[in-house]
Amino acid sequence: MSAQVLIFGALNGVGIGMIYFILSVGLTMIFGLMQFVNFAHGAFYMVSAYAAFAIAQWTGSVLPAFLISPILAAIFALVSERLLLQRTYSLPHEAQILITFALAILAQESVTMIFGTLGKNVPVPEVFSGVLILGGFVYPSYRLFVVGVAVAVAVAMWLAIERTRFGAMVRAAAENAEMMGLLGFDSRKVFMAAFAFGGALAGLAGALAAPLRGVEPLMGREALAIAFVVVILGGLGSFNGALLAALLIGITQSLMSMIWPGGAHLMIYGVMTMILAFRPTGLMGRS
Amino acid sequence: MRNRREILAAAAVGIAAPSLLRRAWAQQDAIEIGSLVSLSGTFANIGEQVDIGSKIAIEHYKTGAGRPLRYVQLDDQGDPGRAVRLTQDAIRDRGIRFFMNCTNSAIALAVAKEVASSGGVYINQAGADEMTGSLCNKNTFRWPVATYSAVNTTVRPFMMKYPDAKKWYTITGQYVFGDSLLKNVKDVVGELGGQHVGNSYHSLSDREYSGFITAAIAAQPDVLCICNFGSQTIDVLRQAVSFGMKRNTKIVVVWSTGLDQFQSLGPDICEGVYFGANYWHGVDAPGNRLLTGVIKDKLKVTPSYLLAAGWACTQATVEALNKAGSADVPAVIKAFETLSYEGPTGLEKVRAEDHQVLKDYYLLLGKPKAKMRDKDDYVDVVFAEQAFLSPDKTGCKL
Chain Y
1 MSAQVLIFGA LNGVGIGMIY FILSVGLTMI FGLMQFVNFA HGAFYMVSAY AAFAIAQWTG
61 SVLPAFLISP ILAAIFALVS ERLLLQRTYS LPHEAQILIT FALAILAQES VTMIFGTLGK
121 NVPVPEVFSG VLILGGFVYP SYRLFVVGVA VAVAVAMWLA IERTRFGAMV RAAAENAEMM
181 GLLGFDSRKV FMAAFAFGGA LAGLAGALAA PLRGVEPLMG REALAIAFVV VILGGLGSFN
241 GALLAALLIG ITQSLMSMIW PGGAHLMIYG VMTMILAFRP TGLMGRS
Chain S
1 MRNRREILAA AAVGIAAPSL LRRAWAQQDA IEIGSLVSLS GTFANIGEQV DIGSKIAIEH
61 YKTGAGRPLR YVQLDDQGDP GRAVRLTQDA IRDRGIRFFM NCTNSAIALA VAKEVASSGG
121 VYINQAGADE MTGSLCNKNT FRWPVATYSA VNTTVRPFMM KYPDAKKWYT ITGQYVFGDS
181 LLKNVKDVVG ELGGQHVGNS YHSLSDREYS GFITAAIAAQ PDVLCICNFG SQTIDVLRQA
241 VSFGMKRNTK IVVVWSTGLD QFQSLGPDIC EGVYFGANYW HGVDAPGNRL LTGVIKDKLK
301 VTPSYLLAAG WACTQATVEA LNKAGSADVP AVIKAFETLS YEGPTGLEKV RAEDHQVLKD
361 YYLLLGKPKA KMRDKDDYVD VVFAEQAFLS PDKTGCKL
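Protein chains in written order, with the working numbering: chain Y, 1 to 287; chain S, 1 to 398.
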């Protein structure tokens with residue numbers, strides 16, 4: 001296998017990694033801020049993907065869905081948080097897992113009842129339907145668009161968390177919610193906003209993924225598995241860790257698809273196991 | 001002296017008794033057919049459609065061997081172990097002797113063994129060659145074609161049409177069925193002077209295929225051949241097309257489920273792609289006209305392969321019962337072995353030597369959206385044939 005092919009593989013892996021990042025960043029943010037294990041993250045992703053399908057059917061293009069679907073996912077997350085999940089913050093993680101898992105199944109079965117069990121196609125927007133050719137390297141324009149969105153989200157999130165008053169409040173709430181409350185800030189509102197934002201990020205990932213892989217009821221479960229690998233490998237709650245882990249997973253998967261195709265998926269978990277053996281808190285996690 | 005209420009109650013019992021007795025007698029007399037379908041879990045999208053197809057066929061045919069038919073749904077949840085337990089319970093508790101359907105080969109092979117040991121009859125849609133090969137048995141029949149037939153009805157005519165398309169690259173699901181397709185593709189490509197330039201195996205849990213496709217593009221093949229089944233086939237094809245592989249490579253999907261997959265992919269992706277399929281609703285045959293008419297009448301949809309497969313296994317069972325004239329298992333097996341009937345793909349015959357239903361397999365070509373006559377007219381049938389291994393080569397010893 002030539003070096004050029006491996007370079008192409010690595011570049012493709014960066015693209016996969018950025019898609020995984022956008023999928024998992026909302027999950028790590030919610031855990032980092034609230035110490036909350038959200039198994040419904042995949043459901044937000046899936047519901048948003050189906051919303052994108054419905055919007056594409058209705059309007060003839062998926063483009064409006066990139067704005068509308070994340071908002072719908074945020075509303076879904078917000079309603080879930082207000083009506084159900086806020087009551088579980090003080091419960092052990094096992095209870096949170098069970099309750100959010102139940103919510104995910106509820107969403108999955110509701111979608112199945114409405115749209116059926118068969119997968120649906122969401123066409124790539126006309127404007128991104130071509131491919132980019134660089135020498136021997138071919139890359140779909142739509143994937144490039146998704147990578148661009150992921151980079152923009154990463155930069156915007158970093159700026160929002162590090163350089164804004166809201167970001168400072170989020171960091172403070174993550175460090176010590178009780179102290180924040182004593183200082184006169186309503187940490188519940190911060191949690192609520194963060195949960196809705198996490199849902200919107202999952203929703204954005206779902207809407208962007210719909211033209212890449214179509215929509216089907218089990219897609220949330222698969223996305224959740226990858227998101228958890230990224231979050232655990234990066235370090236629970238670490239934004240930078242999630243980015244690093246997503247890129248590492250993406251590049252590993254892409255290169256292994258060429259070197260040892262049968263083990264490409266296995267190696268995602270292989271890399272996670274190896275790194276956790278040496279760094280049990282993940283790449284950038286705190287003990 | 002009896003009061004008015006007692007007299008009324010006695011009269012009511014007297015009036016209802018004959019109908020209750022008739023119902024009890026009918027239940028006693030009905031032939032129950034157990035249907036192994038996965039209505040939850042990973043294969044629910046397959047099981048639901050097969051289930052509907054079979055139910056509608058039972059409603060349509062109503063009787064077999066002169067007795068009413070009753071459909072008994074057995075939801076195996078995609079788990080071969082559960083499928084076997086459900087089969088055992090159905091045999092022991094309800095005395096069921098006739099079984100049909102499956103959502104994957106592992107379930108079918110496990111159930112086939114159980115039904116054979118209990119002296120029943122089972123017809124299924126398994127893809128694995130072992131079903132009518134090394135693991136065949138006297139009590140089990142298979143409706144879809146084997147991988148040999150699928151490859152020889154797709155790759156062979158394709159290579160005849162495009163003799164210059166020599167270099168083949170395959171992307172294969174790493175399990176028995178995928179491997180079996182791959183072996184047959186290599187055999188046919190080699191036999192016709194082609195070159196197999198590479199293969200990427202992927203696991204059954206993979207959902208991201210861009211790495212495999214990048215490797216395929218690097219090999220610069222003339223043909224990309226996809227050897228798998230189900231939703232992974234859809235994802236591989238979708239991603240291959242998104243990477244522009246249709247520009248300078250032809251794509252052959254050896255085994256597809258037809259309409260439901262085309263609906264999932266959309267016409268733009270299907271255009272120009274060759275698909276192999278066990279069933280296509282547009283085929284003009286008496287059995288298919290009946291099937292499409294009934295399905296459209298009941299469901300207002302065009303039948304997909306999965307609906308047709310559920311119907312087909314039910315129809316074959318009913319035909320065998322009618323031919324046997326009784327529900328006696330040895331008589332039904334004997335009837336099955338010489339069965340010939342107008343099925344969904346035309347005249348279908350059962351081969352006694354390995355219990356394979358001999359039927360057409362189709363090579364379909366995705367057509368441009370502008371040429372679709374209706375919303376389900378995704379493809380043209382460009383080739384159809386019954387290409388089966390001779391019985392002495394299947395490895396089946398009944």
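Hints may be right or wrong, so weigh each one.
[Unchecked claim] The calculated lysine-lysine pairs, modelled on DSSO-like cross-linking and capped at a C-alpha distance of 30 Å, are:
#1 K334/S <-> K296/S
#2 K120/Y <-> K62/S
#3 K138/S <-> K166/S
#4 K393/S <-> K113/S
#5 K375/S <-> K138/S
#6 K349/S <-> K167/S
#7 K397/S <-> K246/S
#8 K393/S <-> K183/S
#9 K62/S <-> K296/S
#10 K62/S <-> K246/S
#11 K120/Y <-> K375/S
#12 K120/Y <-> K300/S
#13 K186/S <-> K250/S
#14 K120/Y <-> K334/S
#15 K167/S <-> K113/S
#16 K120/Y <-> K296/S
#17 K298/S <-> K369/S
#18 K138/S <-> K120/Y
#19 K113/S <-> K120/Y
#20 K166/S <-> K323/S
#21 K349/S <-> K334/S
#22 K246/S <-> K120/Y
#23 K62/S <-> K183/S
#24 K167/S <-> K393/S
#25 K55/S <-> K369/S
#26 K250/S <-> K55/S
#27 K55/S <-> K138/S
#28 K369/S <-> K120/Y
#29 K323/S <-> K120/Y
#30 K371/S <-> K138/S
[To be verified] Covered stretches of chain Y, as calculated for chain S (at least 3 residues, CB under 8 Å):
#31 9-18
#32 246-257
Hints are computed from structural coordinates only; laboratory data are not their basis.
As the structure is a computational prediction, the values presented were derived from the model and not from experiment.
Cβ coordinates follow ideal geometry from the N, Cα and C atoms, glycine included.
Each hint tested on the structure:
For the proposed pair K334/S and K296/S, the alpha carbon gap of about 34 Å is over 30 Å, so the pair is violated. A hinted pair counts as satisfied when its Cα atoms are at most 30 Å apart, and K120/Y with K62/S does not qualify at roughly 34 Å. For the given pair, K138/S sits about 42 Å from K166/S by alpha-carbon distance, which is inconsistent with the 30 Å threshold. Restraint check for K393/S and K113/S: satisfied, since their Cα atoms lie roughly 22 Å apart, inside the 30 Å limit.
For the hint linking K375/S to K138/S, the alpha-carbon distance of about 43 Å lies beyond 30 Å, and the restraint is violated. Simply put, K349/S and K167/S have alpha-carbon atoms about 36 Å apart, too far for the 30 Å limit, and the pair is violated. For the hint linking K397/S to K246/S, the alpha-carbon distance of about 44 Å lies beyond 30 Å, and the restraint is violated. Our distance criterion of 30 Å between C-alpha atoms is met by K393/S and K183/S, whose separation comes to about 15 Å.
Taking the CA atoms of K62/S and K296/S, the gap is near 18 Å; set against the 30 Å cutoff, the hint holds. With a CA separation close to 48 Å, the supplied pair K62/S and K246/S exceeds the 30 Å bound. Restraint check: the Cα-Cα separation between K120/Y and K375/S comes to about 14 Å, which is no more than 30 Å; the hinted pair holds. Proximity of K120/Y to K300/S is assessed by CA-CA distance (about 19 Å); at most 30 Å being required, the pair is judged to hold.
Proximity of K186/S to K250/S is assessed by CA-CA distance (about 17 Å); at most 30 Å being required, the pair is judged to hold. Proximity of K120/Y to K334/S is assessed by CA-CA distance (about 43 Å); at most 30 Å being required, the pair is judged violated. Note on K167/S and K113/S: the hinted pairing is violated, with a Cα-Cα distance of about 41 Å set against a maximum of 30 Å. As the CA atoms of K120/Y and K296/S are separated by approximately 21 Å, the hinted pair is consistent with the 30 Å bound.
Proposed proximity of K298/S and K369/S is supported: the alpha carbons are some 28 Å apart, at most 30 Å. As the CA atoms of K138/S and K120/Y are separated by approximately 40 Å, the hinted pair breaks the 30 Å bound. Between the alpha carbons of K113/S and K120/Y the distance comes to roughly 36 Å, so the proposed pair goes past 30 Å and is violated. A distance of roughly 48 Å separates the Cα atoms of K166/S and K323/S; the hinted pair therefore is violated under the 30 Å criterion.
At roughly 13 Å between alpha-carbon atoms, K349/S and K334/S fall within 30 Å of each other, so this suggested pair holds. Taken as a hint, the K246/S and K120/Y pair is honoured in the structure, with Cα atoms around 21 Å apart against an allowance of 30 Å. About 42 Å separates the Cα atoms of K62/S and K183/S, which puts this hinted pair outside 30 Å; it is violated. Taking the CA atoms of K167/S and K393/S, the gap is near 28 Å; set against the 30 Å cutoff, the hint holds.
Proximity of K55/S to K369/S is assessed by CA-CA distance (about 33 Å); at most 30 Å being required, the pair is judged violated. A distance of roughly 39 Å separates the Cα atoms of K250/S and K55/S; the hinted pair therefore is violated under the 30 Å criterion. Taking the CA atoms of K55/S and K138/S, the gap is about 26 Å. The hint holds against a cut of 30 Å. As the CA atoms of K369/S and K120/Y are separated by approximately 17 Å, the hinted pair is consistent with the 30 Å bound.
The hinted pair formed by K323/S and K120/Y fails the criterion: a straight-line CA distance of about 42 Å is larger than 30 Å. Only pairs whose Cα atoms come within 30 Å are accepted, and K371/S paired with K138/S is rejected, the gap being roughly 47 Å. Taking a C-beta to C-beta cut-off of 8 Å, the stretch 9-18 of chain Y contributes 5 residues in contact with chain S, enough for the three needed, and the coverage statement holds. Chain S is given as covering the stretch 246-257 of chain Y, and this holds because 5 residues of the stretch bring a CB closer than 8 Å to a CB of that chain, at least three being needed.
When each numbered hint is compared with the structure, violations occur for hints 1, 2, 3, 5, 6, 7, 10, 14, 15, 18, 19, 20, 23, 25, 26, 29 and 30.
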